[in-house]
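Fit chain P to the given chain U structure using the hints.
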Amino acid sequence: MKMSSEPIERRVSYLGDRLRCNRCLICGKEYFEIRDYCGNCGRKSFGKMVNTDLFYEKGKLELCTLINEPTNKFTKLGSYVYGTVSFHDCRIRVPGRLTDRTGVCNEEVDFSSLEGRDVVPRFRRRYSVDKCDVIPTISLAFTFADEYYPHQEYKIIKPKKEYDLPGIVGYGVYTSRFRIKEGNIERSVPFIDEDSITAAVEAGKLALIHSGIDNSHVGKIYVGSESNPYAVKPIASKVAQVLKLGEENEDVQGVDAIDTEFACKAATSMFKDAASLVNYPESNIKYAMVIGTDNSQAAPRDCPGGELDLFVGYGAAAFIFGKQDVIAEIEGWYSCTSDTPDFWRRDGEPYPMHGGRFTGDPAYFKHIRMSSKKLMERLNLQIGDVDYFVAHQPNVQFPVRIAKELGFKEEQYAPMLQVAKFGNTYSGASPVGLAAVLDIAKPDDRILVASYGSGAGSDAYSLITTSQVLDKRHRQKMTIAYQAQNPFLEHVDYTTYRRLKLGM
Amino acid sequence: MPKGYLLIDRCNLMPIRPAIVAVGRTRFGEHYEKEPEKLIEEAWLKASMEANLERKDLEACYLSDYFLPITNKLGLEEGFLSELTELHVPMEVTRSFSSALSNACNAIQAGRYSVVLVGGIEKMTDRWDKIRDDLMLLEDPWSYYAGCTPEANHELMLRAYIKKYDLNGEKLETLNTALAQISVKNHLHGTKNEYAQYQKKITVEQVLNARKEAHRPLGLYDYAPISDGAAILILTSEEAARKITNKPVYVLGVSSATDYLTYPAREDMTHFLASEISMKNALKTAGKNLRDIQLVELYDQSTVMEMVSLEDMGFCKRGTAWHSIYESCQNYKGYYEIDGNKLFVNMSGGLKADGNPLGATGGAQIFEVFRQLRKEACERQVKPDTELKYGCVLELEGFGTKGYVYVLGRE
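Those protein sequence lines, which keep their order, are chains U and P. The first sequence begins at 23 in the working numbering and counts up one residue at a time. The second sequence begins at 33 in the working numbering and counts up one residue at a time.
Isolated chain U (complex conformation) (with noise of 0.2 Å):
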């Protein structure tokens, strides 16, 4: 039987996911919730009550204890500290929970050794529901600031150069604290509470404050995922509503959302369909943010397909793309598609199936090898005139393999390298290789970008960074390093990995 009600679960999720908070210009009062009128002033302030978001702000941990025996919706989390969390010198205080911690039961919690921290919140997953309901979301759980994701301020800054190519203007990858690791690769595991609509929310809000840019100048969202929870229902509209994207009016964004799929070039496809929209002079629109998401599926070991669980990890990039202060500008790009089968998931199963061999030389190495060369062809480009290559990295071999094949060195396709430290990320995999070169990329540099889905199809793209790359380089604290050799890293073992990434 369905319990669920939709209106409650859209008012609740529409206070809740971006912490909205309300004060009143005439004495300063603040609420949490929206109120038309202040408490305090009652009928003159009507008309005088701000808006703003507790999500993009860092708050304080007053009270907490532990909870290890949940209500029923929560039994899945486990134990877990909750308590009172307050904002904006403690005119403002709400109730939340400490996510991201594991192991909480069975250890004597100091309380006052957690009181009086900086915490930050966290868009995850509310509680558990049946499969036939709707996800509940909330921000009403928090992170230290001072552990593995950092406070970062979002501040608008006004663009200060137009450039001739579009490009793109920020960006942000978002993996979770918790690490499998076997033989030599880690992997990237969600926390129970994170699917592929968290992390691409958190991706976007990390490539909202390293590119500065006003959210109400981005006209178009793009989520590309395999992932998505949902069969019939987009990411997409989350995330424009969390990050406010688009002009505001009532409760509705001025943006078009859309999520897209191919297996791991969801993602990557729609760069250009994104820069060239933001290009067209007519449309409008300055910004167009690209997500791709995805919390990695794959069978258990000893079921079929199991043989991906080995490579699976978790993790959204954005990229924000604009023709105003542009850190890397799109030179051109070439893409292609064969009807190949060699990954596929069919409707209501949970896992995909994996064409084995038939993966490698007829699908992953074809596609890109014909991408990348023709995009080089089209632009007369040498291999000695590419800085860094980048390539999807289902594993560790492949990448280097077609890599050394195009005749690329080391020192250009070693930063992109990602795969043993985050595993396969989807259609977050190139788009984490590419982040990890922008994040250490000079002035000027040239990057091949050449991704790859199964089904099957690459783009290939060529981009050149400006000085912009540096400038805004301080604003990028959860770098792709930052987040691979984190001191705050949790690993888990194979048990608890597969029962994180069941999700709630």
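Among these hints, one or two may not hold up.
[Stated by the list, open to error] Covered by chain P, according to a simulated footprint, are these stretches of chain U (three or more residues, beta-carbon under 8 Å):
#, region
1, 96-103
2, 111-123
[As the list claims (entries may be wrong)] Straight-line distance between alpha carbons at most 27 Å, and here's what the computed DSS-like set of lysine-lysine pairs gives:
#, chain 1, residue 1, chain 2, residue 2
3, P, K196, U, K80
4, U, K98, P, K162
5, U, K95, P, K162
6, P, K244, U, K95
7, P, K196, P, K224
It is worth saying that the hints were derived from the structure and are not from the lab. Bear in mind the structure is a predicted one, so any value in this text is a computation, not a measurement. No residue lacks a Cβ here, since even glycine has one placed at the ideal position from N, Cα and C.
Frame of chain U; chain P shown alone:
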């Protein structure tokens, strides 16, 4: 105190005094075998026999239950009660017994009715597996969404209290012991109450060990249980009371106050503003002073609540109740000694031992004060230094979202 509350400044606002002429209740606890109808019937039979009244004598019914339609799928309570009693008189349903009684008092005072029934019922154990979700969602939805449990708010209140009064080291240890002593004391009282859910003694060590096992500041013995039960009283006008009994107990003062639903949004998390306002106003409407109150039934959903309520009601200064409790319980004589005055607290066993079937809980609290004031409390009868005249009751709804205080007396 913040703005936005009514502080009554006129004395004796209750010139017409509603009178309680009879009370009845079931034992609280788990009653798997009994339908809700059976519970309320049992309580009614006891009260009606005491008052020698029949159903047809009732002019109206005020029933309370917190969430019976959710827990027991009974539909409209008024209809269910009408069917049970075969009465077609006006009936109203509220969430707490105190709320029902308050409405009944208003009607009696307005001269609308002269004999009414006030009843409370809850059957929580029938929904054992979902009850904590229900409780939390009704208590404070935003906290629920953030992962709160019914117990966690009590623990946060304790944390807030410890921080505000800067209690650490020996003081903190004393506070923790004092809270355990509250539970031990209430269990001791429960052994003398035939209706109590728990009629066994416990020790301070047991309370402390339960906390250790739970790895939390409060443990199993710090919290009131989940209970089934019913309680009923018959409320009449002063005139009608004289025909029924020569020992009526009068409602001398009643007041209620409200507070924010979201506990963290309240200005002060160390106590309940609603209790404080209710007590001040209830005393004023009764024309009594704090020191006139010799006996009190507090709403001890947790041991922290009993401690904090002693301060909210004004019996102890802020930040000191734990010390008075500790001093009184080191060699417990059956009462708390506060500034040289004796105060009998939760003689029924409180919610901790007597039980806490939400809609009926307030009825059991009134039941206790009624029996005590009429000197019918048998083994647990209190014996203050001066004649026992006045008692009071504090009942809360939600986590201090609503507070009710009643001042009851024989004259």
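How the hints compare with the structure:
1. 96-103: holds (count 3)
2. 111-123: It holds, with 5 qualifying residues against the three required.
3. K196/P with K80/U: holds (23 Å)
4. K98/U with K162/P: holds (15 Å)
5. K95/U with K162/P: Satisfied, since the Cα-Cα distance of roughly 10 Å is no more than 27 Å.
6. K244/P with K95/U: holds (25 Å)
7. K196/P with K224/P: Roughly 37 Å separates the two Cα atoms, so the pair is violated.
Checked against the numbered hints listed earlier, the structure breaks hint 7 alone; every other hint is satisfied.
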